[in-house]
Amino acid sequence: SQQGEEDPQALSIQEGENATMNCSYKTSINNLQWYRQNSGRGLVHLILIRSNEREKHSGRLRVTLDTSKKSSSLLITASRAADTASYFCATDAGYGNKLVFGAGTILRVKS
Amino acid sequence: ETGVTQSPTHLIKTRGQQVTLRCSSQSGHNTVSWYQQALGQGPQFIFQYYREEENGRGNFPPRFSGLQFPNYSSELNVNALELDDSALYLCASSGRTGGLVGEAFFGQGTRLTVV
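Protein chains in written order, with the numbering used here: chain A, 2 to 112; chain B, 116 to 230.
Do not rely on the hints blindly, as some may be mistaken.
What the hints assert, rightly or not - Counterexamples of contact, computed for chain A against chain B with all Cβ distances above 10 Å:
no.	residue
1	Pro9
2	Leu12
3	Ser25
4	Arg42
5	His46
6	Lys57
7	Leu62
8	Asp67
9	Thr68
10	Thr78
11	Ala82
12	Lys99
13	Arg109
14	Val110
15	Ser112
What the hints assert, rightly or not - To give an idea of the chain B side of the interface with chain A (calculated C-beta under 10 Å), a few residues:
no.	residue
16	Gln159
17	Phe160
18	Gln163
19	Asn170
20	Ala195
21	Ser209
22	Glu218
23	Gly222
24	Gln223
25	Arg226
Rather than coming from a laboratory, the hints here were simulated on the basis of the structure. Glycine is no exception: its CB is placed at the ideal position from the N, C-alpha and C atoms.
Isolated chain B (complex conformation) (with noise of 0.2 Å):
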């Protein structure tokens, strides 16, 4: 148990639609990074961020976007959804201090289904 709660577990979406996932990072972390886990592979770096800003992006369009809440939770937005989303989603989060950042933990990820 890490404390990163992300919801919903499971979610199934249409072609074209929008997609909401949420993360609630562990007490006392400022850093909330996420990434996308398509099946048999590695976990891929979307975006991070840090004191609710975006901190750092990898090779993800513009229809990947993101959010983080004065509580440090975030969310992370998915426009015009495509067959290829379908992946689990995975929230880590981590404390910074004096600059330095500390372990990530993640969440149990949310499985997006797309159709």
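Chain A with its partners taken away, still in its complex shape (with noise of 0.2 Å):
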């Protein structure tokens, strides 16, 4: 079963324009991380933001995470054509990267 659910499901911008993608998630975790996945292909790390955190930055990426809503969003600023692909969060609720995942949402940029 998977634990966390992106929202939207699907998303199409055009380039420059903002992306955000939300994920919520059930149980108590540990971290929250954002993965990136081109074309069914392997998972590419975003970025990683822990359970004391509330909001990180990465490049265009931000991430915050609202543990009291179990709630987390990545925005990523000034989209790019080469942007688009599915976007996954992913709980950990202990200290091993024993990851679960939600369904993903699926960005298209448009150029």
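Taking the hints as your guide, dock the two standalone chains into a single complex.
Structure below.
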């Protein structure tokens, strides 16, 4: 079973616009991670946010975490066509990277 | 390029057969996890190996088994294949220092089709 649920399931935007994806989860976590997947291949790690952190930045990425609402959001600013991919949130309840993934958001950036 | 390599990249098997998938972890990583990703879904955790011992298992039947070798590479074996086993199988490696596990690096996956 999957713990996280991403919202929206699919998102289509123009190049240069911002993209926001949300993730909700059910149980307590140690950390939450966001991954990108191109064309059904391997996952690329984007960012990890720990349960005692509220916001984290990495380049054009901004992740927030609200443990009281059991939710996280990923913001991609100034999107590019190369950002077109599926994005997954994954939670780690312990310390072992036994990740529980959501179903993902499909992002399409039109040039 | 994560340094995690999986083989083969694609595989077609017949229902009832057995399959072995392989994963070479990134240098220095002693923890390997396996995930199954069905089409249109997120990956699901199968099991994890740490220093050659199983270190946690997801909701998968015993016909899914694994091994980790002294060089930390790993195998996933699936017996009595079923059509629903058709999926992308992903391997992830991570290092463990002082009890803390670092970032997971994923391979490109093995696409298994059961016919």
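(message) Flag every earlier hint the structure violates by its number, smallest first.
(response) 4, 5, 12 and 20
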